[in-house]
Amino acid sequence: MDIKYGLAATFNSAKDLYDAAGKIREEGFTNWECYTPIPVHGLDAQMGVGRSKVPCFTLAGGVTGFFTGMLIVWYMNSFDYPLIVGGKPYFSPIFPFPVYYELTILFAAFGTLFGMFFLNRLPQHNHPTFEHPHFGRTGDDKFMIVIEVEDPKFDDEETQDFLKKVGGKSVTMIREPID
Amino acid sequence: MSSATKSKVNSDTPAILEKVDPAPWKEAPLVLNKRNFHWITEKICGIVEAKTPTWWWWCFITALCVASFTGMGLAYLVSTGVGVWGNNNPVNWGWAIVNFVFWIGIGHAGTLISAILCLLKQKWRTSINRASEAMTVFAVMCAGIFPLFHVGRVWFAWWLFPLPNSNEIWPQFRSPLEWDVFAVSTYFTVSILFWYMGMIPDLAVIRDRAKATWRKYFYGVLAMGWRNANNHWRNFEMAYLLLAGLSTPLVLSVHTIVSFDFAVANLPGWHTTIFPPYFVAGAIFSGFGMVLTLLLPLRSVFGLHDLITQKHIDNMCKITLATGSLVGYAYSMEFFIAWYGANSYEGFAFINRAFGNYWWAYWIMVSCNVICPQLFWFKKIRENTPLVWIIAIFVNVGMWFERFVIANTTLSRDFLPSSWGYYSPTVVDIFTFFGTFGFFSVLFLLFLRFLPLMPMAEVKSVIPAADPHGGKH
Numbered sequence: 006m007d008i009k010y011g012l013a014a015t016f017n018s019a020k021d022l023y024d025a026a027g028k029i030r031e032e033g034f035t036n037w038e039c040y041t042p043i044p045v046h047g048l049d050a051q052m053g054v055g056r057s058k059v060p061c062f063t064l065a066g067g068v069t070g071f072f073t074g075m076l077i078v079w080y081m082n083s084f085d086y087p088l089i090v091g092g093k094p095y096f097s098p099i100f101p102f103p104v105y106y107e108l109t110i111l112f113a114a115f116g117t118l119f120g121m122f123f124l125n126r127l128p129q130h131n132h133p134t135f136e137h138p139h140f141g142r143t144g145d146d147k148f149m150i151v152i153e154v155e156d157p158k159f160d161d162e163e164t165q166d167f168l169k170k171v172g173g174k175s176v177t178m179i180r181e182p183i184d
Numbered sequence: 014m015s016s017a018t019k020s021k022v023n024s025d026t027p028a029i030l031e032k033v034d035p036a037p038w039k040e041a042p043l044v045l046n047k048r049n050f051h052w053i054t055e056k057i058c059g060i061v062e063a064k065t066p067t068w069w070w071w072c073f074i075t076a077l078c079v080a081s082f083t084g085m086g087l088a089y090l091v092s093t094g095v096g097v098w099g100n101n102n103p104v105n106w107g108w109a110i111v112n113f114v115f116w117i118g119i120g121h122a123g124t125l126i127s128a129i130l131c132l133l134k135q136k137w138r139t140s141i142n143r144a145s146e147a148m149t150v151f152a153v154m155c156a157g158i159f160p161l162f163h164v165g166r167v168w169f170a171w172w173l174f175p176l177p178n179s180n181e182i183w184p185q186f187r188s189p190l191e192w193d194v195f196a197v198s199t200y201f202t203v204s205i206l207f208w209y210m211g212m213i214p215d216l217a218v219i220r221d222r223a224k225a226t227w228r229k230y231f232y233g234v235l236a237m238g239w240r241n242a243n244n245h246w247r248n249f250e251m252a253y254l255l256l257a258g259l260s261t262p263l264v265l266s267v268h269t270i271v272s273f274d275f276a277v278a279n280l281p282g283w284h285t286t287i288f289p290p291y292f293v294a295g296a297i298f299s300g301f302g303m304v305l306t307l308l309l310p311l312r313s314v315f316g317l318h319d320l321i322t323q324k325h326i327d328n329m330c331k332i333t334l335a336t337g338s339l340v341g342y343a344y345s346m347e348f349f350i351a352w353y354g355a356n357s358y359e360g361f362a363f364i365n366r367a368f369g370n371y372w373w374a375y376w377i378m379v380s381c382n383v384i385c386p387q388l389f390w391f392k393k394i395r396e397n398t399p400l401v402w403i404i405a406i407f408v409n410v411g412m413w414f415e416r417f418v419i420a421n422t423t424l425s426r427d428f429l430p431s432s433w434g435y436y437s438p439t440v441v442d443i444f445t446f447f448g449t450f451g452f453f454s455v456l457f458l459l460f461l462r463f464l465p466l467m468p469m470a471e472v473k474s475v476i477p478a479a480d481p482h483g484g485k486h
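From first to last, the protein sequence lines are chains A and B.
Mapped onto our numbering, the consecutive letters of the first sequence carry residue numbers 6 to 184.
Mapped onto our numbering, the consecutive letters of the second sequence carry residue numbers 14 to 486.
So that you can see chain A by itself, here it is in the shape it has in the complex (with noise of 0.2 angstroms):
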């Protein structure tokens, strides 16, 4: 048993598929996706998506490093265990700043990384797209899009033609297998 996924077209260049995502966003779909062997420049707007929220991600992170440095050695040099070393105060804000600096970097770092993790559903080791023959051909040179039965205004005769007709290569459906 499998059931259906969506509809894939396959494109030999960035200028194909690029022109092809603008005329599907201009018919209307709303669940589709193009796969390209690289980031393609201006695909973005074409495609009508926004900007990418990682930064609030990376925010969200350097704010929690900067005060849990802050935290760190006021506990430890301050409330903890006091210590005099040097004449200087047991917490400053000034002299230790490579600590809090350092840890803003730090969980920046994470919170970008796990961030685009969270946005992009990763890991995610399966997924319907793979069982599409040359998918593995994405990574390669050739550029692919498909849109999902899912979207509403799909259709399994008009959407085939429709994307034969913007150029799309090999039509194939993606069939998802059950059991």
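Note that these hints are calculated values from the structure, not bench results.
Be a bit skeptical, because a hint or two may be false.
To be verified - Derived DSS-like pairs: lysine-lysine, alpha-carbon spacing no greater than 25 angstroms straight-line:
id	chain 1	residue 1	chain 2	residue 2
1	A	Lys20	A	Lys174
2	A	Lys9	A	Lys20
3	A	Lys174	A	Lys28
4	A	Lys170	A	Lys28
5	A	Lys20	B	Lys136
6	A	Lys9	A	Lys28
7	B	Lys47	A	Lys20
8	B	Lys331	B	Lys134
9	B	Lys136	B	Lys39
10	B	Lys331	B	Lys393
11	A	Lys20	B	Lys134
12	B	Lys324	B	Lys39
13	A	Lys20	B	Lys39
14	B	Lys134	A	Lys58
15	A	Lys170	A	Lys20
For chain A, the structure is supplied; the task is to place chain B on it using the hints.
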């Protein structure tokens, strides 16, 4: 010259051109011979997928043997006691700290290429950034060995981290040595994150081409299920840019804080404000020396001449020249300030550096770091690859001596002549340091064998076929 600019210029009219056409500017292509996407995929994946070459095994076994010197040196050190190193009073830092600063500095070029050049939109970085980042990670690993064992009782090294020791005392944050723990460990972690994240799309390509089951699992797990979707790329590119933006202040801070280890001390020759920028310039300089040392042989072994072109070598040579000149400027400025500051101890420290007990080390440093890279002014020399490689080796040697000179001339001749001393390394010092080159090579060879040498998507992005507007911008 175009016809529009020529026509109106004669004796009757003023010598002002009605219209000036910009001179035609031809950028050298970053990928030669009009290579396409598929060729790039085959080339980079081919390195990982081909049968292990015989030379690789020879190099790997040799590297392992060399690395064993570090293992034996450290085992002997720990089992016998710290006296087996040449460190003494007053020269408590010895080779260990020299080697630490040397290795950590090497890492800086990798981050410069991957982060700073990314922010500056230098597209030529694409074919050299992955290998340089790998170099960064491995160099920091080599660097970490030395302070770890220099603490004396290595089994207490965890006292460096913010954990309470057996008397419930925490580390104290007024010391630059403690800042350094944070700087180096953050640098190592962020470098690995950046390196790994950039590799995910390439690992997915290798996963999709894999035939053997172990390869499918190995690359499959590492690739996290990446599927080249535009949504993935969108978040990936943003995350990449942010990590580049975070790594840039990070890399500048790491060697700054390393220089604080010296500059915050009150010793003549160390206690100067020029140290942070001077150390950072030196670090980038030494790192580019190492990048050239590694990439030039790789280029010929794997036949990567279309991807690492003369333009790349030219650019790297020019950065080496620029940073080498900065370092030379810092050397002379140190002397100027020592004289101008009119502090007799500071003045003595610098006269002693150039003409005192370690004069030979000082002049090796100056000839390798200041004079040698000046040859890169000449195009003929930049185009002579074996010569570039030899100069890069000299840069590596010179930068090791720089750290030796800074650490040892000052420590061996501080304020009181009664506490003066002389430092010589023991054979254990020498073997332990020698072995780290093996350790580094082992890691680098494993990287070459199992991980993608270049970011394929990024290299593909700089060829004309990547332009979605078909060249009509």
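Contradicted hints - numbers only
Violated hint: only 2; rest satisfied.
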